[in-house]
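Chemist: Quick note, the sequences are listed as chains A and B, same order.
For the first sequence, numbering that gives the first Met the number 0 assigns the number 0 to the initial residue and increments by one for each residue that follows.
For the second sequence, numbering that gives the first Met the number 0 assigns the number 0 to the initial residue and increments by one for each residue that follows.
Because the hints were derived from the structure by calculation, they are not lab data.
All C-beta atoms in this analysis are idealised placements derived from N, C-alpha and C, irrespective of residue type, glycine included.
All clues given are correct.
Covered by chain B, according to a simulated footprint, are these stretches of chain A (three or more residues, beta-carbon under 8 Å): (1) 1-15; (2) 105-112; (3) 321-327.
Chain A side only, calculated, beta carbon under 10 Å to chain B, not exhaustive: (4) F67; (5) T222; (6) K281.
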Amino acid sequence: MFTSPHITRATSVRALMVKVLVALVPGIAAYVWFFGAGILVSIAIASAAALAGEAAMLRARAKPLGLFLGDGSALVTAWLLALSFPPLAPWWLVAAASLFAIVVVKHLYGGLGQNPFNPAMAAFCAMIVAFPALMSQWPAPGLPFDVQLGLILGTSRPPDAVTAATALDALRTGLREAGAKGSVPAVLASGPAFGAFGGHGWEWVSAGYALGGLWLLQQRVFTWHVPVAFLAAFALIATGFHLADPVRHASALFHLASGATMLAAFFITTDPVTGSTTARGKLILGAAVALIAYLIRAFGAYPDGIAFAVLLMDMWVPLIDRTTRPPVFGHTRK
Amino acid sequence: MKAQLFRFRGGIEPEAHKDASAGAPIAPSPLPPLLVVPLRQAAGTSAPRVRVGEHVLKGERIGNAEGPFAAAVHAPTSGTVRAIEMRTLPHPSGMGGLCVVIEPDGEERWIERDPVEVRALSAERLRERLRDAGVVGLGGAAFPSHVKLRRGGAGECCGTLVINGAECEPWITCDDRLMRERANEIARGIAILAHLLQARRVLIGIEDNKPEAIAAMCDTAAGAEVLTRVVPVPTLYPTGGEKQLIDILTGIEIPYGKLGPDFGVQCFNVATAHAVWRALELGEPVISRVVTVTGNVERPGNLEVLLGTPVRELLALAAPRPDTDRILMGGPMMGFALPEDSVPVVKATNCILAASERLFPAHPPEMPCVRCGRCAAACPERLQPFDLYWFARSRNFGKCQEYSIFDCIECGCCAYVCPSQIRLVDYYRYAKAEIRERERNTAAADAARRRFELRTARLERDAALKAERLAAAAARAREAAARLAAAAGASAPEQEVGAVKKALVEAAVERVRAAQERAQER
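With these hints in hand, go ahead and build the complete structure from the sequences.
Modeler: Take a look at the structure:
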């Protein structure tokens, strides 16, 4: 090469993606520990479909297959998708969602780096709208692997006992069924879905995600802005509602430890491609996702609102980026 | 005395590699068989003032400064002018320029040197001296020093003189060695600069990875007339960028398009200060400079090199390893690969860096930008490099300018940190060149349009005048015909016919003449 700079730091997109995958391992381990190995099958199905979709699209778009298949971005999408889906969702649902994420959401918009919407979240929204029943098929703790496998492969029908509502779902249903006299403490005390802070078992999965996320932060894969803004805003909003009406609204701790909060804080909202790029923009984005997600949880039609909140805010990113550019060197004092 | 430091945002910490040559004292490089001295070594060109075959003395002026941004060029040694011809210059484009080729006679006979008493001369005379001694910024920009020493209107003083000894580029150690070995001379040059600028204080910024240089400069600072502070600055590329160093030391951010004096601050490199001292107190023009020769070589070092020495000769002294595949002038962050190794060392040459695949591996293939924002975090100018990349790539040059592409100093931090290994700076260079080209074209088109409009207006005016004249002639002809007819009465019809004919012929002749004039105008 004849132009400067003649040196670059030894870093690559692939290295970034591999770090994200490694950071997901603690969360996955906790998942397997509490809910069985079914999630691993789900991850494998999503990964295979994502890679197949990626390869087909790269070929169709005449892009170098080896270079782009190896960048790891399809795997990250697949893993995040599998982790946000119910692990007992049938294989074809996971595979279709994975293909949708890669083919439609990613490649039809131009492939790596070009997609305006988070592929995993877009696929999640598409499927929860299209197949609401299948998308609420969550495992009860301690479900044997062969039963899980049967459900995933569609060889057995789900008996009611094996699936359970998530903590957010159970809280929502509990409150609705109890009507005017229902209260959060009463519902939380009643069901087996609840643990010490959030959903039983889920609180440890969330802790695993947080651990991996903090490692990514330490590795400077992303900056602190989005996770801090997101978690702080979420805690603040939940605390506000909880203090105003503790009977109808769960505490901040419950919200942080339940659902996809931690996955979103460190792995979804921090997606560089679809997220904001400026420091102020990241703060705005994180806080706005938290606000929308909370409002959907508390007042909307879905138990968890992270995916919708992320997609809604992705639409704003170009405007946010444009208006939050830092002043160029020397242009501060005019 | 601990000075308060300001910190610019961004920057990177590449491996320094300074140890390779930092320990080697400055050694004179031997006289090469031929010296090739380009006449253009600063922003402006110099005009040759010698003829082929003429004998020149060491330090004799061979090129006069032409225009406001030029400085003089001198014979680096005594010898005979063998040619004045186009040669390849050390420039990334490989462009050529007029060079004076001198064959040394080996006697190193100096012209009569004319040292000056600095306090005895006016600032104007001193600046002329510096221009005629060919003093330009030796940090790499080669901007004529006498231009930077012009004070603002009404002789207002420049509050702070910043001396740049940061030397933040990896591998380069020439300023480090100069400060260690010639601190006193640098200090005297600084005193002259401070005097010329009427500076109230001097801040000498040196990266903290050069403790010996800092110590040496501190020793001289104590005896300075003007309040002088040596400030160790953090080792962070590009601290040595003029604007970045001024920011770190004074907290003043100088935007693109503005100059230091607008903010009461001016900046010179340590090597420039040394050259100023040499030019005024010894009467020796800039004919040599310290160059670091390092990289993929067996004997890296720092050499005092005569300007015009072919890079090939210089590199041979350091014994390049056989796998050397290209030669860089300057450091690995902002230097450029030489088009050929016969190009000469010039005033802007601070480092000759032998490169190999092992030291500077080829770039991995470029991946798409994933908007990770590392480039923005590394950019010392607080630009949004990924946005500029996007706009430059889509040839959206209006947006490039809206996002301040000309504030980019091409330091390369963004490309250094990019995980997608995008050669970002190349995109900015391309966009800048395109924008400049378009502006030139627009200016040329505007000038052409103005010319056309003026010409059209002139033609219209002339045509109107002629139409008036024509109408007047026709009226005269009609009048004459009427008079004739009246005078003749009804007596002779032939006469009447003849007079009318005559008048009509006169009018026709007048019309033809007018048409011919018009044709000539065109």
